[in-house]
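Same order as they appear, the protein sequences are chains Z and B.
In this text, residue positions in the first sequence follow numbering that gives the first Met the number 0: the first is 0, and each later residue adds one.
In this text, residue positions in the second sequence follow numbering that gives the first Met the number 0: the first is 0, and each later residue adds one.
No wet-lab data here; the hints were simulated from the structure.
One should not assume that every hint holds.
In silico lysine to aspartate or glutamate, EDC-like type, Cα no more than 16 angstroms apart, as pairs [unchecked claim]:
#, chain 1, residue 1, chain 2, residue 2
1, Z, Lys33, Z, Asp47
2, Z, Lys31, B, Glu21
3, B, Lys636, B, Asp682
4, Z, Lys31, B, Asp25
5, B, Lys685, B, Glu695
6, B, Lys249, B, Asp404
7, B, Lys122, B, Glu179
8, B, Lys636, B, Glu695
9, Z, Lys33, B, Glu21
Derived contacts from chain Z toward chain B, CB cut-off under 8 angstroms, selection only [unchecked claim]:
#, residue
10, Val18
11, Gly43
12, Val78
Just so it is clear, the structure is predicted and the values come from calculations on it, not from any experiment.
Just so you know, even glycine gets a beta-carbon here, dropped at the ideal spot from N, CA and C.
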Amino acid sequence: MNNFVEEAVQAAAADMGTVQAAADAISGAIGKVKPLLSGQTWTGPAADAWEGDWNACYSAVLSCLNALPAAESSVIAGVRRQAEQFVASHAAAARAS
Amino acid sequence: MSASDEVGVDPGRVSQAAGALENLRDVLAANVPTIMNIMNEYWSSGAGSPISLAALHQAQARSADDATQMQTRAQLAEAWLAQSVSLTGSGMVNIPFSGPALDSADATLEAQALAAAEAQAAKNPSAARAQIAAIEQEIKEHAGDGSAGAPWLQDFYNDAAPAVANLASTLHGLENPSGEPPDYLSRFTVLTPNDQQILATFGQGLAVADKAGLSPEAVQAIANAPDAWSAAMLVKFGPPGSLWAASEPKTPQNRDGLSLLAQLTNHVYEQEQNGTLRIPIGNGIEYPAGDRDQLANVLSEYDPLQVMMQADAQNKNAAWQVMGGRDGNALAQMLLSSVQGDLPNIDGRLVQGPMNDDRYAGYFTLYPPGKSVPDAWGQILINTPDQNVVGAFLDAATSAPRGNDVNARYSAQAALNIILNTPPPLSSPYDGSYAGQSAPVQRALLDTALRYELDLAESTTYDGSGAVLHFASMPGNPYVILVPGVRPGNSGDPAGTTPLSLFLREVLADPASAGVLTASVKTTMGRYYAISQTAGFPPGGPSAPDQDMAALLGRIDTEAGNIKFNAAQQQDEQNAETNSLIDFAQDAVTWVPVVGDYADKAESVASLFGVTPQLSTDNAVLTQQVNEHDFAVDETKINVPMVQALISADAVPPSALQDQPWLQNGRIVLTGSNAAAFTSWYDEYKGSLGHLDEKESQYQSLMQQQEQLTEDKAGGGGS
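Okay, chain Z solo, but in the shape it has when bound (with noise of 0.2 angstroms):
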């Protein structure tokens, strides 16, 4: 049983790590983009005011990507917690019949 406790987290931890490189994806994207939003690329009013909406809404994008790994923690150990759960139920069913 230890097993099927084992292979739901593995699951759970692939899925996570899909997850994990999709927003490494997006973070280099946002990277990339960063250094060009500046002084050097324009001067005026209108684009800073473009730049400083551009970077609150990103900085929120990556407060939410910084926060997934432990979201993504917190995925993997409710996995485990419920397939143990799924077991133990089984087992006392079991020793019950």
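Please build the complex by placing chain B on the supplied structure of chain Z, with the hints as guidance.
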């Protein structure tokens, strides 16, 4: 553009930023759904602690616009740099950075790009195709934005109008480069399906921009395009004519605010008259005789005059602006009659252009009827426009509401042009049958007669030349038409045949039309009679329209006598008249000025012109069999609509109508024994009610005068 909208930018770095934002847009599109789907699936099963992913969604939503706008800025900066405009001395150029100014500058850039693509089409066709496709995509996006996209489209078409007008020719040239050997397989292709799609998009954008408002210069660039055929293709593949603007702002050059469609139609017609209207097809091909039919069909499909008439008919305003405009009289003659003895109803001859360097020309010129065509090396094809299109166009041209505004004036002029150019039906020397206009055109003529019935009635005693003017020349009155209706006879034409008679004869040549028109005139006469017996006619208008209608009825009887219907046609005519009388009586409550409520319907001179009943159904249904022949004959006597109108106007005391079997739900029904009962009733009341006896005699006398008018001059032999 305010100064604060302008930003100094480094073109190279802005271009890099645009590329990075496009990459970010693509990365977000590929990865945000992955993250959201996987995480939400686990969280919904109870695993882990959810966090908000809304920021990812918001970023993805704005990423497309960010990328597009930055790309536009990069293009602007590049263009400004190329023109050495606004260099700030630090390697930067000033560009509009956001909002309407950025959109406007983008539209200007796209207009320049279209002109450049067309200019380089011969040298670099693949680059031209790609550029045109990219602009098409932009137009599609802006047109899809509804009213929000209109400003961009207005800016684009204001700048790009000359290139847009030439687009169809450019697209044809891209597929048929003049230096290439003739392509036999594509000899019938004028525009490929892809070309047609491109023109559909450009046409749709133009229609949106036209409705939102184009500059007069842009309208002129399209409406007077050097290549009118090319401009007309935007209409052919664009949206229906009803989605184009009905008028343009008035300017010194366009004092009545004629629509773009109307102006372009005039231009197409005038190019045809000048022999400069060309349809490009068959690059270098010699068409064998076996190709003739298919070639004729394709060319007819691309006939710009037919294209414009169809759109004008859908637009309605454009139809009366053209038919009542500077070319309306000549166009009516071409569509309804023959020009200088040429074949009737054709709009010209399509002649393949002259050979050049032993190569057949890749175009056909449409030469107008009545003019000789040059020596041709290739095919010469006679072109007759689709009669459904012609009928719809003529019908729409006279459909403006009667009144004293500019639309009513154009529509009245259109009606006059149509009436004056309608030839009489041709009589067969073999069986005496009459060949009139096609059914759709016949319907248009009938509708014209119904819409201008009182005008025709007033014309029965008019001996001047055709005219459109305010009734009684009072500016506040509605526009009316005067058709020559009386003319002295001479040795060649002892009857003094008038345009009014010829027009009526053509309408009456179709049995169904004859029945409907007769019924309408009788009904209208009855209605005017009822008005005369109740509240009277409004001052300043026709003094006795009931008597005018009686005269018209007499003229119709006379002209109908010149049409020799066979028995079946006579039955059709009578059935149509009877059915129409019934229909018109049923809708009487919607028009009649009941006592005490007169002001609603006949309070003004203008309203008097709206008393005529109009057809709401197709002609075809009107010839359906009426079961009882005798009933049909009774129903068509003029005293019946007179009494019907009195009853509808509540001008008959209820006591006089009590227990009358022929009165059913307010309508006179003369089936079976009802006819005899009605006759008895009429004989009892005609001397005491509404001067029925006196008025019927008066109307009969007026009818006979009309018959005498022509018979006397014709030596008793009719006209």
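> Tell me, which hint numbers fail for this structure?
Replying inline: Those not satisfied: there are none.
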